[in-house]
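Engineer: All chains should be modelled from the sequences, with the hints used to inform the complete structure.
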Amino acid sequence: METGEPGLRPHRRRALGWGLGAAVLVAAWAGGGRLPSFAGLTYAVVGVVGVLALVAALWPGLPRLEAPRRLSAPGWQVWVALFTAFGVWEVWALLAGDDPAQPTVSDLLDPVLLSPDWRGLFWVAWLVVGWGLVRR
Amino acid sequence: MTWEITVFGYVAAVAAMLVLEVVARLPGSTTPTAGDCFAWVMRHPAGRVLVILSWWWVGWHFLAR
Numbered sequence: 014m015e016t017g018e019p020g021l022r023p024h025r026r027r028a029l030g031w032g033l034g035a036a037v038l039v040a041a042w043a044g045g046g047r048l049p050s051f052a053g054l055t056y057a058v059v060g061v062v063g064v065l066a067l068v069a070a071l072w073p074g075l076p077r078l079e080a081p082r083r084l085s086a087p088g089w090q091v092w093v094a095l096f097t098a099f100g101v102w103e104v105w106a107l108l109a110g111d112d113p114a115q116p117t118v119s120d121l122l123d124p125v126l127l128s129p130d131w132r133g134l135f136w137v138a139w140l141v142v143g144w145g146l147v148r149r
Numbered sequence: 126m127t128w129e130i131t132v133f134g135y136v137a138a139v140a141a142m143l144v145l146e147v148v149a150r151l152p153g154s155t156t157p158t159a160g161d162c163f164a165w166v167m168r169h170p171a172g173r174v175l176v177i178l179s180w181w182w183v184g185w186h187f188l189a190r
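Protein sequences appear in the order of chains A and B.
The first sequence begins at 14 in our numbering and counts up by one.
The second sequence begins at 126 in our numbering and counts up by one.
For the record, the hints were derived by calculation from the structure and aren't laboratory data.
As the structure is a prediction and not an experimental result, all values here were calculated from the model.
Any given hint might turn out to be false.
[To be verified] FRET-style restraints, in silico, Cβ to Cβ:
#1 B:136 with A:35: 25 to 35 Å
#2 B:137 with A:112: 45 to 55 Å
#3 A:51 with B:172: 27 to 37 Å
#4 A:93 with B:174: 18 to 28 Å
#5 A:56 with B:179: 14 to 24 Å
[Said to hold, decoys possible] Example chain B residues on the side facing chain A (calculated, C-beta under 8 Å, incomplete):
#6 151
#7 155
#8 167
#9 168
Don't be surprised by glycine CBs; every beta carbon is placed ideally from N, CA and C.
Structural biologist: Have a look at this one:
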């Protein structure tokens, strides 16, 4: 119903969006943290989230944050160097096989993610990052 | 190679990324944020799919398996 106050509807829509987002994150922390590994339900949930994110990322007409026309040097090269260094370090550990002196990120995180609380936080972080990417 | 050195490598890389992100967000900084870099890659549809699939794989790897 129109109230005659311009700006009220976007304000309410924004509040609804924040409320919905908060509800999803609370559900992700509480529920996602308790989803077991290697289970059909977990595969389905992660798969559906991925499909939704991919569709939202490619859907034409959705509002996006403005992308920079060009990236200033040497800033982006430093980002590339850091991601590459992390990746090389990980692959090196992976190639070492089961050597306990060279753990992969998975070796380090898997015991942590056995805890439902930490697993729930990882769910929240994953969804927040995904939302940030989809909006780009 | 020891466990400590390997873990230090991961921590150092992540810490450097955090520092770079903070530097990028300082007023007047010309350094792009990580989000700017991803947004730049995502200007192309192929980059868009690649970034989203990479993000999704992290969730699959750590949460589903």
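Engineer: If a hint holds in the structure, say so; if it doesn't, say that too.
Structural biologist: To see whether the hints hold, each was checked on the structure:
1. For residue 136 of chain B and residue 35 of chain A, the hinted distance range of 25 to 35 Å is satisfied, since their beta carbons lie about 31 Å from each other.
2. Separation of residue 137 of chain B from residue 112 of chain A is about 20 Å and departs from the stated range, judged on CB atoms against 45 to 55 Å.
3. Residue 51 of chain A and residue 172 of chain B have their C-beta atoms about 32 Å apart, which keeps the hinted 27 to 37 Å range intact.
4. In this structure the supplied range 18 to 28 Å holds for residue 93 of chain A paired with residue 174 of chain B, their Cβ-Cβ distance being about 20 Å.
5. Our hint of 14 to 24 Å for residue 56 of chain A and residue 179 of chain B holds, since their Cβ atoms are close to 19 Å apart.
6. With a least beta-carbon distance of about 12 Å to chain A, the hint placing residue 151 of chain B at the interface is violated under the 8 Å criterion.
7. At about 4 Å, the closest approach between the beta carbon of residue 155 of chain B and any beta carbon in chain A falls short of 8 Å, and the interface hint on this residue holds.
8. The interface hint given for residue 167 of chain B is met, as the beta carbon of that residue sits about 5 Å from the closest beta carbon of chain A, less than 8 Å.
9. Residue-level restraint check for residue 168 of chain B holds (minimum Cβ-Cβ distance to chain A is 5 Å; threshold 8 Å).
Hints 2, 6 from the earlier list are contradicted by this structure; the remaining hints agree with it.
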